[in-house]
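*Asks:* With the hints as a guide, bring both chains together as one complex.
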Amino acid sequence: MWTLIQIELYKIFRRPRTYIAFIAVAALITIIQFGLKVDGKSYADFLMKDIGGTMEIDGNIINGYLICYIMLQLLLVHVPLLVALIAADMISGEANMGTLRLLISKPFSRTELLLAKFFASTVYTLLLLIWLAILALFLSMWIFGTGDMFLMKSSYVVLLSENDVFWRYAGAFVFAALAMVTVAALGFFLSIFAENSIGPIVATMSVIVFFTILSTLNIPIFNALKPYLFTTHMISWKEFFDIQVNDANEAIVGSIQNPQKIVNSALVLVLHIIGFVGGSIWIFNKKDVLS
Amino acid sequence: MMQQIVQVKGLTKQFKNLTAVNNLSFSVNEGDVYGFLGQNGAGKSTSIRMMLTLIEPTSGQIELFGMDLARHRREILRNVGAVIEKPDVYKYLSAYENLELFARLSGIKPTKKLLMDQLEMVGLANRANDRVKTFSQGMKQRLGIGIALVHNPQLIVLDEPTNGLDPQGIADIRNLILHLSRDLKKTIVVSSHLLSEIEQVATRVLIIDKGQKLVEGNAAELFDPAQTIVELQTMDNAFALEQLKASPWSSYLQAQRNTAILLKLNRTEIPSLHTDLAAMQIQLLSLQPRHSLEDYFLQITSGNQHVDTYTN
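In the order they appear, the protein sequences are chains A and B. Per our numbering, the very first residue in the first sequence carries number 13; after that it's consecutive. Per our numbering, the very first residue in the second sequence carries number 883; after that it's consecutive.
Think of the hints as simulated: they come from the structure by calculation, not from any bench. Source: prediction; values computed, not measured. Be careful, since some hints might not be right.
[To be verified] Pairs of lysine-lysine, DSS-like flavour, derived with a Cα cap of 25 Å:
1. K1067/B <-> K299/A
2. K298/A <-> K891/B
3. K298/A <-> K1015/B
4. K898/B <-> K1146/B
5. K299/A <-> K1092/B
6. K1015/B <-> K995/B
7. K991/B <-> K1067/B
8. K298/A <-> K898/B
9. K238/A <-> K250/A
10. K299/A <-> K891/B
11. K273/A <-> K298/A
12. K1127/B <-> K1146/B
13. K1127/B <-> K968/B
14. K299/A <-> K968/B
15. K973/B <-> K1015/B
16. K973/B <-> K995/B
17. K1092/B <-> K891/B
18. K1092/B <-> K1127/B
19. K1067/B <-> K995/B
20. K991/B <-> K973/B
21. K1015/B <-> K994/B
[Stated by the list, open to error] Listed below are several chain A residues computed to face chain B (Cβ distance under 7 Å; list not exhaustive):
22. T15
23. I24
24. R27
25. I116
26. S117
27. K118
28. T244
29. D300
30. V301
We put the CB at the ideal spot given by N, CA and C, even for glycine.
Chain B on its own, in the form it takes in the complex (with noise of 0.2 Å):
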């Protein structure tokens, strides 16, 4: 049976009249890239912040390797690694001072070797020597990953790894983290509120909005790429919705976003749609399939859905 690293239970975090995170519940397996979902303001990076003991919980539980983190604050964090929305460091410093800081304060005592390889690992060997303030945002956010990997975490959390990298940096940051993951064999939480993002990375995905759990599931059930969203604009859609909803596909129906006709299915029965629309006398304008996560995640996200977990 595979350990859970991570396991939240009931978390809450009250700032006076707001409630950031609302009983938030998951957990974290050894070997999961897990995914935090969640469109900006939904509690993500509250919630990584009390994982982190950044910020103090108003209530609920968060154990990490089996372990109380309050009790066990000083233990945990010796293996964890973490990247806090932006990578700051030290700017009058160089990418190895600033390296060989933080694996000191990590409780290791780093050879050159080490720092070095690490370095290079993040592709900042040749930019060793240079003080942090010459570097572009991708490179710090790498140093940042070299920071956070310095001292050999068992767990490494990633807050909005790839806010404001351009599309070179977002691509490096990602083969960075399948890199950990598969080759590594870490445990890694990312956050984002960039949906591509955390669909070419995750195993697992927890999705929340304003802070509560919409999903927590298994990525590959959740992104299946088979489930499509097909887009109907046709000559009169009112009639179409009454026909449609009068017929077998009236259980593919999803809910209206304007005036469009949302229908969820497999890519393979589109061919039926389209007969059985002609047969309907429904007059076609257009049919657009969508990215069905995107749509799946605007429309949970933005419907106030509660759906209990999805799969595990």
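For reference, chain A alone in the conformation it holds in the complex (with noise of 0.2 Å):
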């Protein structure tokens, strides 16, 4: 099983795809870092349009970990085409080159060969979220420095002191590479079905987009299906940068405001997961392989 995994470690860390990822992800970040240090007082005139007249706020409100949220709420939309790019290649693309025949007359079980593969697939997945952590949160922490972190929710604001962030940070992507575990076990689960890795590429990005409008409409028919999409909880990361108040109003430091919304997000992550892989391999060992 070992040698399996080395080998599929190898083969995505071979291919120049794999390297589209890191390089669009690092492409983006340093735009927007950029931009930020160059014009980053009117962007924080911009974010404080809104509420001058209700408060007013002394300093400076740009800095790594205002800049590392605003990044992770616009990648995150992004990261599952990433991701899908090489976990919805992972069987078709095998199909597809007509490895997948050689493969499979190899002295392993398909059920190896596929948690092989998946578990590659989260290897990429995972590294693509540390390439991701390393250049929004410590690039921004070292280019705008760290200090007090001020949010603006809709209909509230959040201020977590400068030694209260950095531990959010860690859970907030924990959770994320959870959420694109998710996605990459989708895609994984859909690449089963194909021979080529653009239809499982572009069906894993329908379903993520389709589940998503579903999860943010507000209509009530819908209401009691939003708790099973997993889209609804791949955004939970934000909870961790919610803050409990005491009676006083005051802020307490290391506590999140919802904690159970947090774990059963992540139980709901884990069973899709489960659920995606585990019909992967059931459907693939009853499966002739005719390409």
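*Replies:* As structure tokens, this is what we get:
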């Protein structure tokens, strides 16, 4: 099994396509960082425009922590595409190249092959998230410095003290990784039905877009469905940045407003991963390889 | 007694309404170059894919090395090397890297010497570090065979190994098969729709059509060069056929195709036939010997005939 995993990782990281995602993430982040470094004050004024009359902020709100949050909001919508690029290619790509039949005629089970491939695509996903964290968080901290984190939610403002932020990012990135692994599992599942990569990649993105629209639509008929859609739970990383307040309306350092929501969302995502991977194994073991 | 390497019993594969392989039984002995012959769509590839666990049989049993394939898959496949139709490998890797990767997948830890020796055997040592995307079809086919052999399997399965190759490539593959059989004593199952290819390498032959066995036999007897088919064209073929049916040559007559009269006979009998035709006042336009095996193959694969095992 270990040999299989090593070989799958070797194949992923020998393909030029793999590095597209890393380059795309780096390009997007550095462009945003450049823009904010050059014209951060205008952006801060824009952020403060709506609440300027109700509160006054002393100091610079643009720091590494806020920039990382902004970038996470933007990028976690696009990273699924980069994850699908590899995960949805894992089986369909082999079928397309014609190497699948050679792989299956080797002395290991189809279940072992699928698990090794899924593990390898998970490693790729995690590395992409680590790369995202390095650039979006650590590079932003280095370029813009750190400080208290000022967040504007839809109906309220959150102010996190500087020493209460970093662990939240650690939690948010771990959760985001779980969400992206769910995307990888979906892409992986769809890839067993196709003999070229384009179909499963497009199908993965279509499912995510479709479910995201259902998750965000505020139509009562869909409300019963929302808790079961993985896209509803993919954005729960934001819960790490909602803080509890005491009776005096003061923020409680180290608290999360709704930790149960994070746990529930994580459970739903884990169940989806198990469902997608288990379904892939079940179907693939019955599949005749005709490619 | 020679060991049976492959034993297939009552193998059937049904794809919805299509029966691709129908109650097929055959066996391959140790050291055989077993030619699997049939027209396109006859069921050769489906049968081979079932032998390699790519396709699950609807019914029937496959035993390799005396073990049931369904129950001892891993153990059996360690000892099998295969090229299945096109020799597709990872185009972004070099020949050496592909060989190393598949060697490890086959359960061995290859040394550099082993890999280079293998590439040397298939004539690719000087291109070891070149990416496969720069290779010709023939080179890819040879690399595919190298991959099939790298773990030193006892049984080698080659499905249409000459597809898409130029004459030189076909000759290279043929020589490689003969080398593997004669020098390395491998058991080889090779499928083709090209009769001439099988004829030149096979020691035993199975001919299938529409998923069913037509003939299984010893190649030397089946491809007896002394036996030939002659095609007669006369001034009046209907009269000639009538005369021949009434003569001792009636038992030599073969099923007719078009208007030609076909007789199967030994080459040494052609002069007597010629004399008798003149005696029967048949005005001969031409008497043309044909390739016996090709005719035989076309005859049995298009005539829906069922022939039991020819010889063992």
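*Asks:* Evaluate each hint against the coordinates.
*Replies:* We went through each hint and held it up to the structure:
1. K1067/B <-> K299/A: violated (35 Å)
2. K298/A <-> K891/B: holds (22 Å)
3. K298/A <-> K1015/B: Roughly 32 Å separates the two Cα atoms, so the pair is violated.
4. K898/B <-> K1146/B: Given that 25 Å is the threshold and the Cα spacing comes to 41 Å, the pair is violated.
5. K299/A <-> K1092/B: The given pair, whose Cα atoms are some 23 Å apart, holds under the 25 Å limit.
6. K1015/B <-> K995/B: holds (24 Å)
7. K991/B <-> K1067/B: Measuring from Cα to Cα gives roughly 23 Å; hence the hint holds.
8. K298/A <-> K898/B: Holds, at about 15 Å.
9. K238/A <-> K250/A: holds (17 Å)
10. K299/A <-> K891/B: Status holds; Cα separation ~22 Å.
11. K273/A <-> K298/A: violated (38 Å)
12. K1127/B <-> K1146/B: Distance of about 14 Å is within 25 Å: holds.
13. K1127/B <-> K968/B: Violated, because 49 Å separates the two Cα atoms, which is more than 25 Å.
14. K299/A <-> K968/B: holds (20 Å)
15. K973/B <-> K1015/B: holds (5 Å)
16. K973/B <-> K995/B: Measuring from Cα to Cα gives roughly 23 Å; hence the hint holds.
17. K1092/B <-> K891/B: holds (17 Å)
18. K1092/B <-> K1127/B: violated (32 Å)
19. K1067/B <-> K995/B: With Cα atoms ~22 Å apart, K1067/B and K995/B stay inside 25 Å; holds.
20. K991/B <-> K973/B: Roughly 22 Å separates the two Cα atoms, so the pair holds.
21. K1015/B <-> K994/B: Since the Cα atoms of K1015/B and K994/B sit roughly 22 Å apart, the hinted pair holds (cutoff 25 Å).
22. T15: holds (6 Å)
23. I24: Violated: closest Cβ of chain B sits about 11 Å from I24/A, beyond 7 Å.
24. R27: holds (6 Å)
25. I116: holds (5 Å)
26. S117: holds (4 Å)
27. K118: holds (5 Å)
28. T244: violated (38 Å)
29. D300: holds (4 Å)
30. V301: holds (4 Å)
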